[in-house]
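I would like the entire structure built from these sequences, with the hints used as guidance.
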Amino acid sequence: MRKCFLILTMAILLVFPSIASAQGQIVVESVAVSLLPEYDKADMLVINYITLSSDTTFPAQFDVRIPADANVHTIAVGASSETVTDQGIQSTTRKDGDWLVVSITVTGPAIQLEYYDPGLKKDGSQRSYFYRWLSDYDVTNFDVSLQQPFEAENLKSSLSLRDGGITNDMQYYLSNVGTVPAGKTFSFDLSYQKSTDSLSVSHLEIQPVEVDEDTPGRVSLNDYLPYMIGGLGLIMIVGGFLYYRQSGRSTSSKKSRRRRVDREENESGVYCAQCGTRARAGDRFCRTCGSRIRHPEE
Numbered sequence: 008m009r010k011c012f013l014i015l016t017m018a019i020l021l022v023f024p025s026i027a028s029a030q031g032q033i034v035v036e037s038v039a040v041s042l043l044p045e046y047d048k049a050d051m052l053v054i055n056y057i058t059l060s061s062d063t064t065f066p067a068q069f070d071v072r073i074p075a076d077a078n079v080h081t082i083a084v085g086a087s088s089e090t091v092t093d094q095g096i097q098s099t100t101r102k103d104g105d106w107l108v109v110s111i112t113v114t115g116p117a118i119q120l121e122y123y124d125p126g127l128k129k130d131g132s133q134r135s136y137f138y139r140w141l142s143d144y145d146v147t148n149f150d151v152s153l154q155q156p157f158e159a160e161n162l163k164s165s166l167s168l169r170d171g172g173i174t175n176d177m178q179y180y181l182s183n184v185g186t187v188p189a190g191k192t193f194s195f196d197l198s199y200q201k202s203t204d205s206l207s208v209s210h211l212e213i214q215p216v217e218v219d220e221d222t223p224g225r226v227s228l229n230d231y232l233p234y235m236i237g238g239l240g241l242i243m244i245v246g247g248f249l250y251y252r253q254s255g256r257s258t259s260s261k262k263s264r265r266r267r268v269d270r271e272e273n274e275s276g277v278y279c280a281q282c283g284t285r286a287r288a289g290d291r292f293c294r295t296c297g298s299r300i301r302h303p304e305e
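Each residue of the sequence shown is one higher than the last, beginning at 8 in this note's numbering.
These are computed hints drawn from the structure, not numbers from a lab. Just to be clear, a hint being listed does not mean it is correct.
[Claimed, not checked] Listed next, the in silico DSS-like pairs over lysine-lysine satisfying Cα-Cα at most 27 Å (straight line):
| hint | residue 1 | residue 2 |
| --- | --- | --- |
| 1 | Lys48 | Lys102 |
| 2 | Lys129 | Lys163 |
| 3 | Lys191 | Lys48 |
| 4 | Lys163 | Lys128 |
| 5 | Lys102 | Lys128 |
| 6 | Lys163 | Lys102 |
| 7 | Lys102 | Lys129 |
| 8 | Lys102 | Lys191 |
Computed from a predicted structure; not experimentally measured.
Take a look at the structure:
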């Protein structure tokens with residue numbers, strides 16, 4: 008029976024050699040933990056930015072322990088922290104005592120794991136939280152970032168914190184823990200006072216986006232100015248041509264009417280008997296003195 012078990016174990020290792028080898032060689036280069044209490048939920052939002060060593064063989068299975076009652080929000084993997092994606096990620100979870108083990112098939116050195124921890128306790132205006140980290144891998148460098156909630160006061164922690172500055176009106180505190188060996192629990196607690204239940208995200212101001220000529224979707228007038236000038240010039244040319252034709256027709260019509268009147272006057276040889284003014288064709292009375300015009304046929 009024991010011989011069959013050994014044969015089965017060796018067969019599994021032969022079928023999955025790369026994953027088994029990578030699992031044993033994984034070294035965590037850095038872990039950056041961001042704690043955001045009461046950010047967009049009444050829980051503690053925990054974001055783990057994990058970077059594996061450059062000599063890690065991929066794909067590999069990477070396990071992360073989080074509190075057993077935590078709710079996983081995002082798992083993303085990529086070549087760098089700026090290019091991680093949550094698309095096509097293979098992961099499983101299993102309970103292990105007080106922990107929930109999240110097993111991720113990683114294809115790159117950068118991992119981002121976000122979860123909500125309901126372990127943030129509330130007692131009136133008093134808030135308290137206890138953080139723990141336990142890993143199967145050595146961590147070369149461990150950092151912690153803590154965001155102080157809006158309207159929070161008297162923030163205290165057993166972890167040594169330094170001022171991390173203010174970003175988007177939010178106060179941050181930082182701590183460099185250093186090396187954390189595999190199998191060693193790293194923990195600390197924190198507390199603060201907050202008289203309201205408002206969430207930090209509701210106080211963040213939406214910053215307007217600066218728009219310039221390189222902003223996608225923006226139409227630059229300079230790109231279309233030559234076409235606009237060309238179109239305006241074409242309209243002026245066509246308008247001038249139409250005006251020239253119309254004015255030519257009007258002048259020709261006036262000359263034609265004038266010649267017809269002159270011809271009619273020349274054809275009429277009748278004069279006023281009173282003042283001698285020459286009458287036009289069809290006149291019955293003199294246009295000058297008003298006397299009746301006598302035509303030859305009368």
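How the hints compare with the structure:
1. Lys48 with Lys102: 24 Å, holds
2. Lys129 with Lys163: 15 Å, holds
3. Lys191 with Lys48: Distance of about 30 Å is beyond 27 Å: violated.
4. Lys163 with Lys128: With Cα atoms ~15 Å apart, lysine 163 and lysine 128 stay inside 27 Å; holds.
5. Lys102 with Lys128: 23 Å, holds
6. Lys163 with Lys102: Not OK: lysine 163 and lysine 102 at ~31 Å, beyond 27 Å, violated.
7. Lys102 with Lys129: 26 Å, holds
8. Lys102 with Lys191: Roughly 19 Å between the alpha carbons, so the hint for lysine 102 and lysine 191 holds.
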